[in-house]
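Visitor: Chain by chain, the residues run as shown.
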Amino acid sequence: MSTDLAPAPALHDCRDAWVATMIDLAEADDRIVVVVNDSLGSSKLGPFAERFDDRIVNVGIAEQNMVGVGAGLANGGKVPFVSAASCFLTARAMEQIKVDAAYSQHHVVLVGQSPGMAYGELGPTHHSIEDLAWLRAIPGLTVIVPSDPAETGQALRWAAQHDGPVFIRVSRMGVPDVNLPGYEFVPGKAVTLREGGDVTLVATGTVVARALGAADLLAAEGVSARVLSMPTIKPIDADALVAAARETRGIVTVEEALTSGLGGAVAEVVVRRAPVAMRMVGVPDVFAPTGSVEWLLEYFGITAAGVAEAARELL
Amino acid sequence: MTVEEDLVPEVDPAAVPVDTLTVLGRVPDGASREVVVGHLKEAARLVRRRDIQMVRAAGLGHVGGEFSVIDILVTLYLHTMDTGPDRVADPDRDRLILSKGHAAAALYTTLAMAGLLPADELRGFMQPLSQLNGHPANTKVAAVEASTGPLGHGLPVAVGTAFAGAMDGSSRRTFVVVGDGELQEGSNWEALMTVGNHRLAHLCVVVDRNRLQQGARVADTNDLEPLADKLRAFGLEVVEVDGHDHGALADAFAAVPAASGKPTAVIAHTFKGHPISFMSDKVAWHHKVPSAEQVAQALAELEAP
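Protein sequence lines, in the order shown, are assigned to chains U and V.
Residues in the first sequence are numbered consecutively from 1, following the numbering used here.
Residues in the second sequence are numbered consecutively from 1001, following the numbering used here.
Chain U with its partners taken away, still in its complex shape (with noise of 0.2 angstroms):
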């Protein structure tokens, strides 16, 4: 039975998890503290306003300074986490992000809300696909790209004590838990949520889900699909794309992104050191048509019956 014709499962906004592990780390270190471009509310941050007023700095609609107070809040001694619709958060500040963040190898952690097509009918200058293929550019930057609301907070947390800048997503795209109960993150580790010989689906964020269920339409053909949960985009786990390489006839890349962000880090990997035929779903190289983002997910084939096509003109 496919998962198309299984019960609905419960969908999560990851911002529910972010706030609250917001809230658990600024209790515990009084280091933390969220700088914000007027975006408190799209960040969902108001409980976490309540609590800690004192800890917030918003510097209104200037995403370039934004960034920049980040990194001069790590010069003394604070943990910023720097919260903006992805989209802003990422185009505007390039470079603040690049030099203020990066270079400086400040721990700044930058959080990109609403990422990927969430914003849908908004249109793409609200979109945020482009980021991955950014911001895996940056030397010494680390990705993450969490599936879950499980997944969300323990990489939040892992950013709260790792000294150094990261980018990570949170969506608002309803989710379904993907990962198993006792789950826990590890930077550069890839998770196998589902054994398989014939394909491999490396998947990322908000479409894990979309990659477990091409996984099943494929079981109920007789093929053995892997599941790769690629967590955590740069650095990217090469060794378990090499063995996926070596152990199945192909791999398929999912991502609510451009296809040059996971798709293109993938291709990276296995075209030197284990080369096999790919197919990469995701967002081609256009700009999107007016559409919700479940309707834009459609349109762009990243689905659970779109990765079992790309998947099966790998066998």
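Among the hints, a few may not be true.
Unchecked claim - Output of the computed footprint for chain U on chain V, the stretches with three or more beta carbons under 8 angstroms from beta carbons of chain U:
| id | stretch |
| --- | --- |
| 1 | 1131-1142 |
| 2 | 1151-1158 |
| 3 | 1162-1173 |
| 4 | 1190-1203 |
Unchecked claim - Interface residues of chain V toward chain U, partial, derived using beta-carbon atoms under 10 angstroms:
| id | residue |
| --- | --- |
| 5 | R1095 |
| 6 | S1147 |
| 7 | T1148 |
| 8 | E1185 |
| 9 | G1186 |
| 10 | S1187 |
As the list claims (entries may be wrong) - Beyond 12 angstroms from chain U on every Cβ pair, some chain V residues (computed):
| id | residue |
| --- | --- |
| 11 | G1124 |
| 12 | D1281 |
| 13 | L1299 |
Rather than coming from a laboratory, the hints here were simulated on the basis of the structure.
Keep in mind the model is a prediction, meaning the values are calculated, not measured.
Beta carbons: idealized from backbone N, C-alpha and C, even for Gly.
Fit chain V to the known structure of chain U by using the hints.
Guide: For chain V alone, kept in the frame of chain U given last:
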């Protein structure tokens, strides 16, 4: 010569090899104003001598903007700021962020003059694998507070350090030195809104107002005037000084934080290439590298009076 002036080392410029720097260190505590000014003036003279030789040796650099900012940097590091070689990691040290990072050689040389960087390292300026990059990096030189180079970065970072100090109830101060041409970058004005609105009184923005940018006069490119009025309108206490007058600079910096509770802006009126006759106030000397003859002439002009 008074007894106090004896605190300023006598240096015979002809006896100083071209690739060394006589390190004077900070102005002694409790020094008279005459000694303060004499010490800073001599330090700035030696820093300029070393700086132009570094640029000549590297075949690269921004000597014009370095000579406009050196008196500001020397005054801050040798007199104003509460910092020192044993306090580079002290959370409560005063901080200086050189936003006009292209004046890196001036920063490195001043850090060496203050004992914050071994003077021997100046020989490596821009050499392969040197820590002394053409623009300063906080990861390469411990006393460098912020990596700068692309313009418009220092002020937002300074806002962050000032916020951190305010959150901790610390009296430490943050000085950020910006070029005037640099103020064409919008990020500065984003940051200045924050500075004024949050009354970050322990932040001091120092404008190296040399009126020239890389390609032309600032006024002929995208004018800043009325600069003082603009900064006042953003909520800053504005002081205008001769940026080559060490006493005036020291007084302006000593007044931070201002009694008004506002953040401070010091508009330091300077000349690019000061005080070299053939460089001063010349657009061409943004990143021109002096010939051996020009270095010799500059060094002659920088000999002790």
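Visitor: Hint by hint, note whether the structure agrees.
Guide: Outcome of the hint check:
1. 1131-1142: Since three or more residues must qualify, the claim that chain U covers the stretch 1131-1142 of chain V holds, with 3 doing so at under 8 angstroms.
2. 1151-1158: holds (count 6)
3. 1162-1173: holds (count 6)
4. 1190-1203: Coverage by chain U holds here, the residue count being 4 at a Cβ distance below 8 angstroms.
5. R1095: holds, 7 angstroms
6. S1147: holds, 5 angstroms
7. T1148: holds, 8 angstroms
8. E1185: holds, 9 angstroms
9. G1186: holds, 7 angstroms
10. S1187: Holds, about 4 angstroms.
11. G1124: Per Cβ check, G1124 of chain V is outside 12 angstroms of chain U; nearest 20 angstroms; holds.
12. D1281: Nearest chain U Cβ is 31 angstroms from D1281 of chain V, so the label holds.
13. L1299: holds, 35 angstroms
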